[in-house]
Amino acid sequence: MSELDAATRDALGELLLALADDELVIGYWDSEWTGIAPMLEEDVAMSSISQDEIGHAAALYGLLAELTGTDADAIAYGREPDAYRHARLLDHPRTDWAFTMARRYLYETADAARLEALARSSHAPLAQLAAKMRREERYHLMHVDAWVRRLAEGDDATRERLEAAFARLAADAASVLAPLAAEDVLVGAGILPEPMRTIRERWLEAITGPLESRRLAVPSPTPPPDARSSHGADWAWLHGEMTMVSRSEVGATW
Amino acid sequence: MVIAAAEQRVWDALAGIPDPEIPAISVVDLGVIGAVDVDAERVHVDLLPTFVGCPAIEVMRQQIGERVGALALAPRVEVVVTFDPPWTSDRISAAGRDRLRASGFAPPVAAPSVSGLDELLVLAAAPCPYCGSRNTTMENAFGPTLCRSIHHCADCRQPFEQFKTL
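Chains Z and W, in that order, give the protein sequences.
Oh and the first sequence: position 201 is 201 in our numbering, straight run, nothing missing.
Oh and the second sequence: position 116 is 116 in our numbering, straight run, nothing missing.
Just so you know, these hints were derived from the structure itself, not from any lab.
The reader is advised that the hints may include incorrect statements.
Here are some chain Z residues the structure puts well away from chain W; computed CB gaps all over 10 Å [claimed, not checked]:
no., residue
1, ASP155
2, GLU163
3, ALA164
Computed spacing ranges between beta-carbons, pair by pair [to be verified]:
no., chain 1, residue 1, chain 2, residue 2, range
4, Z, SER246, W, GLY16, 30 to 38 Å
5, W, GLU66, Z, GLY251, 20 to 28 Å
6, Z, GLY69, W, ALA70, 51 to 59 Å
7, W, ASP39, Z, MET244, 42 to 50 Å
8, W, ASP12, Z, THR198, 49 to 57 Å
9, W, SER93, Z, GLY232, 49 to 57 Å
10, W, ALA70, Z, GLY232, 49 to 57 Å
This one's a predicted model, so the numbers in the text were calculated from it and none came from an experiment.
Every residue, glycine too, gets a C-beta built ideally from N, C-alpha and C.
If we strip away everything but chain Z, and leave its shape as in the complex, we get:
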């Protein structure tokens, strides 16, 4: 990575941290369904999907660790809650099944738009990883798309929960594709092939039709302020859960 100047390296680090934290946090929230999903098939599906997401996070932390000469596990589990840079959309707790599916739908479609762009990145290790992740995320998209369709066509109680979930998440969904602080540097270097704004517009265009036809709230096109900071109490709780083992035996290996 020595060919990158300091400003570009910092900007790339910010991007990798945002990507990795997103995948880690959604993986942890959704892994909470293991053992208690509405049916056995979904128990298996959510466990497998979460394992994919946490695996993606590990690979992204690995790229960041290589870039900064640090340790991937230390980045993943060694930070205070405020230092995580996941999107506001991922601050909400798991809540009920309809809420989890609504959040997954908004996250996965945004992530797909982002990965499509990153697969064209000038930074080869990131482009290769993004291309690889896209093949796996296709299964996640199919899964959540089928569930949103199914819940949207469900009875009144089901629809009520799904509508409420999309309405509650509408203000936060665009946080996944919020601009990064040093985005100009990334776009200039071709590391991010186009601004987040362009990716966000493409994402919103792709999901507006399907959401409107199912009479579900379309997300706000404008990301919330502090889109990747000031996470709140639910995140502080999850952080405590997911770092419990690493905090109990600092530096342990197995």
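Got chain Z sorted already, so can you dock chain W onto it with the hints?
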């Protein structure tokens, strides 16, 4: 010539290493060995994960290091995990597909492009590895490991797994 012979010995050794999750198939037939390169300093092996988060990668890396190290072709062995090229299920060899079927797994179909959802291709009926029937249904796109889905054959009434098309 000497180098080529040494590299062939590495490939032969790798062909004896089973996949930790589906031991019927070797890491070579699974297509996770991207490249082998030998020089005076080291033996280099590129390892391509089937799934990014595959928990078997460390076990594979360790076994490759041990088996290839035992050949004593160079002072050290380096096993590098890489996504260049990306592993796709098209990398599973014809012999590997036969071994999957023989152990009750439907092999993957031809890997789809990554554009769009390609739902039809992914959801195409997997031929039953027991009776060959295509009268089968996918019960779950997610299975006991990241790379396996769960199916049922309506003819021989046997549940079976498919190595996912990726």
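| query | Is the gap between the beta carbons of ALA70/W and GLY232/Z within 49 to 57 Å? | reply | Between ALA70/W and GLY232/Z, where Cβ atoms are some 54 Å apart, the hint holds.
| task | May I ask you to test the hint 42 to 50 Å on the CB atoms belonging to ASP39/W and MET244/Z? | result | holds (46 Å)
| request: Please confirm whether ALA164/Z is truly not at the interface, meaning its C-beta sits more than 10 Å away from all C-beta atoms of chain W. | output: holds (27 Å)
| query | Within 51 to 59 Å or not, the Cβ separation of GLY69/Z and ALA70/W? | reply | About 33 Å separates the Cβ atoms of GLY69/Z and ALA70/W, which means 51 to 59 Å is violated.
| message | Using Cβ atoms and 10 Å as the threshold, tell me whether GLU163/Z really stays out of contact range of chain W. | response | The assertion about GLU163/Z holds, with a minimum of 24 Å to chain W.
| query | Does the Cβ-Cβ separation between ASP12/W and THR198/Z fall within 49 to 57 Å? | reply | Roughly 51 Å apart at Cβ, these two residues keep to the hinted range, so it holds.
| task | Could you see if the CB distance from GLU66/W to GLY251/Z stays within 20 to 28 Å? | result | holds (26 Å)
| task | Could you check that no beta carbon of chain W comes within 10 Å of the beta carbon of ASP155/Z? | result | holds (24 Å)
| said: Holds or violated: the 49 to 57 Å window for the beta-carbon distance between SER93/W and GLY232/Z? | reply: Given a distance of about 51 Å, which is inside 49 to 57 Å, the answer is holds.
| Does the Cβ pair SER246/Z, GLY16/W satisfy 30 to 38 Å? | Cβ of SER246/Z to Cβ of GLY16/W: about 37 Å, so the range 30 to 38 Å holds.
In the structure shown, a violation is registered for the earlier hint numbered 6 alone.
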